[in-house]
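With the hints as your guide, set chain U onto chain B.
Number of protein chains: 2
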Amino acid sequence: MTKKKKTLQGLQVVFIGAGNVATHLSAEFTNAGASIIQNVRKSAASEKKKFAKTSISDVKKLKKDSDLYVICVPDDAIAAVAKSMPDVKGTVVHTSGSVPMSVLRKFKSHGVFYPLQSFTKDKKVTVNAYAICIEASTKQVAEDLMECAGGISKNAYLLTSKQREVVHLAAVFANNFSNHMFAIAKEILDEEKLPFEILKPLILETAFKIIDVDPKDAQTGPAVRGDKKTLARHETMLKSNTAKLYRKLSKDIQA
Amino acid sequence: MTKKKKTLQGLQVVFIGAGNVATHLSAEFTNAGASIIQNVRKSAASEKKKFAKTSISDVKKLKKDSDLYVICVPDDAIAAVAKSMPDVKGTVVHTSGSVPMSVLRKFKSHGVFYPLQSFTKDKKVTVNAYAICIEASTKQVAEDLMECAGGISKNAYLLTSKQREVVHLAAVFANNFSNHMFAIAKEILDEEKLPFEILKPLILETAFKIIDVDPKDAQTGPAVRGDKKTLARHETMLKSNTAKLYRKLSKDIQA
Chain B
1 MTKKKKTLQG LQVVFIGAGN VATHLSAEFT NAGASIIQNV RKSAASEKKK FAKTSISDVK
61 KLKKDSDLYV ICVPDDAIAA VAKSMPDVKG TVVHTSGSVP MSVLRKFKSH GVFYPLQSFT
121 KDKKVTVNAY AICIEASTKQ VAEDLMECAG GISKNAYLLT SKQREVVHLA AVFANNFSNH
181 MFAIAKEILD EEKLPFEILK PLILETAFKI IDVDPKDAQT GPAVRGDKKT LARHETMLKS
241 NTAKLYRKLS KDIQA
Chain U
1 MTKKKKTLQG LQVVFIGAGN VATHLSAEFT NAGASIIQNV RKSAASEKKK FAKTSISDVK
61 KLKKDSDLYV ICVPDDAIAA VAKSMPDVKG TVVHTSGSVP MSVLRKFKSH GVFYPLQSFT
121 KDKKVTVNAY AICIEASTKQ VAEDLMECAG GISKNAYLLT SKQREVVHLA AVFANNFSNH
181 MFAIAKEILD EEKLPFEILK PLILETAFKI IDVDPKDAQT GPAVRGDKKT LARHETMLKS
241 NTAKLYRKLS KDIQA
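These protein sequence lines map, in sequence, to chains B and U.
With this note's numbering, letter number 229 in the first sequence gets 229, and the count goes up by one each step, no holes.
With this note's numbering, letter number 156 in the second sequence gets 156, and the count goes up by one each step, no holes.
The hints are simulated quantities; they were obtained by calculation from the structure and are not laboratory data.
Mixed in with the good hints, there may be bad ones.
Given that identical chains are not distinguished, each listed pair holds provided it fits within a single copy or across any two copies.
The calculated lysine to any residue pairs, modelled on SDA-like cross-linking and capped at a C-alpha distance of 25 Å, are [unchecked claim]:
| hint | residue 1 | residue 2 |
| --- | --- | --- |
| 1 | K154 | T126 |
| 2 | K193 | E165 |
| 3 | K108 | S240 |
| 4 | K121 | K228 |
| 5 | K248 | R233 |
| 6 | K63 | Q38 |
| 7 | K244 | D75 |
| 8 | K162 | T220 |
| 9 | K123 | A32 |
| 10 | K239 | T160 |
| 11 | K83 | K228 |
| 12 | K216 | L204 |
| 13 | K83 | I253 |
| 14 | K83 | T54 |
| 15 | K64 | V103 |
| 16 | K64 | T138 |
Isolated chain B, as found in the complex:
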């Protein structure tokens, strides 16, 4: 991989995949100065070619002289894609939090480029300093990928497969499960025709607070206060399944 200092100018990248991760990373690599020389996706004809110069649908026919190949396909499909790919000289990475790096071992230079971010289609990322977790087959590849990640975010981490898996698991709680709590909160309000707007500043503050305060110390509410009357009344207000969840989470907070 060749590139000028502090930007990814001159870096040639091929993206494999057409989902949220491919779309967002393509934009970020482009913003950092890299050239997306090719994009491989199932329906190349219908592609809008937002970033990539060319688009193909057969991974066997991809350009072999790119610096970096970024596989952004569902976890289960990564191994198959790697198998179908021709031998390439550039570095091949996948972007999964939980798939081991070893599925890419047929490539001389390989690694992982896992953006710790929850990408939603057509929704720009607000917080740009998200962490990028790197794993690499050699020290040189590690240096190259860390420089790549550094072109996109100031928070690049070099992790082992095991560490990345732990980070991924923690991210499920921090992102997916907390988002599920927001979804339940909205449901509760919806049923009484109360606007979700009422909770949005509180949700933002909840996130902002843990920037400075350990989440354990930031905990408030009836569970941590041991307010049994409110806990009991809340349970009666909820449907059976959600009431069970309420009881379990309150118990966990008190433990």
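The following block gives chain U in isolation, referenced to the frame of chain B:
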């Protein structure tokens, strides 16, 4: 209550309580131009008198000529405090999300002033536009309290006791339970000596996203993808109690 337009200039307020809510609201009323003429707290002598002009420890001796009395004591103590208070002409409010307004009915003008915020001591609130939920004994008191709330935040809502209780329950999910998810995430990282810093941008983004996107549509991760392999592996990585929670939340997300 008398005050100039758009600010609380001239409004005289007495605070009863010395916890997070009293401290934060005292600061906000002061910033909006109101005068905190007295503060009632258990240990008046040791008080730092940050905002209040005088501080006493016996609620029976509070000034009777204030415009507004804000009771910021634990939910269980509100009724007893109200009982001990002398008859006052001003409006008496409590700040609880779940205690009915009727505990204050001995006062001619009474209501609820519930700030939908999670206050932590010594931690300034980052998001200032948090919702304030108002309930009032008469139409006039409602107007007065809505103006008070408007001096502090642009998001003031006039709600019934029932609606406020629903909002409070939703806030437990949106704030306490999502914060608990952050605490578990930190625990998972701590065990592998990985820095919590790695997750902070993701947590911020998770909150920012629901400003524009319905949380149901914002959901990502192995549960919503139906990625059984990852779900199963994650469970094996967790302690029994947390694994159970992981399974329940994943199941709920899939439902």
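How the hints compare with the structure:
Taking the shortest alpha-carbon separations for K154 and T126, both the intra-copy value of 15 Å and the inter-copy value of 23 Å come in at or below 25 Å. For the identical chains of this complex, K193 and E165 are inter-copy neighbours only, at 13 Å across copies versus 40 Å inside a copy, given an alpha-carbon limit of 25 Å. In this assembly of identical chains, K108 and S240 lie within 25 Å of each other by CA distance neither inside one copy nor across copies; the values are 54 Å within and 40 Å between. Proximity of K121 and K228 under a CA criterion of 25 Å is satisfied inter-copy only: 23 Å between copies versus 42 Å inside one chain copy.
Taking the shortest alpha-carbon separations for K248 and R233, both the intra-copy value of 15 Å and the inter-copy value of 22 Å come in at or below 25 Å. For the identical chains of this complex, K63 and Q38 are intra-copy neighbours only, at 7 Å inside a copy versus 76 Å across copies, given an alpha-carbon limit of 25 Å. Taking the shortest alpha-carbon separations for K244 and D75, only the inter-copy value of 24 Å comes in at or below 25 Å, while the best intra-copy value is 32 Å. For the homomeric pair K162 and T220, the shortest alpha-carbon distance between copies (22 Å) is at most 25 Å, but the shortest distance inside one copy (33 Å) is not.
Proximity of K123 and A32 under a CA criterion of 25 Å is satisfied intra-copy only: 19 Å inside one chain copy versus 36 Å between copies. For a Cα distance limit of 25 Å, the shortest separation of K239 from T160 across copies, 22 Å, qualifies, whereas the shortest one inside one copy, 43 Å, does not. Taking the closest pair of Cα atoms, K83 and K228 come within 25 Å of each other only across two copies (22 Å); inside a single copy the shortest separation is 58 Å, beyond that limit. For a Cα distance limit of 25 Å, the shortest separation of K216 from L204 qualifies both inside one copy, at 17 Å, and across copies, at 17 Å.
Taking identical chains as interchangeable, the C-alpha atoms of K83 and I253 are never at most 25 Å apart, the minima being 46 Å within one chain and 33 Å between chains. Only within a single protomer do K83 and T54 lie at most 25 Å apart by alpha-carbon distance; the minimum there is 22 Å, versus 77 Å between protomers. Proximity of K64 to V103 under the C-alpha cut-off of 25 Å is restricted to the intra-copy arrangement: shortest distance 19 Å within a copy versus 76 Å between copies. In this assembly of identical chains, K64 and T138 lie within 25 Å of each other by CA distance solely inside one copy; the values are 20 Å within and 76 Å between copies.
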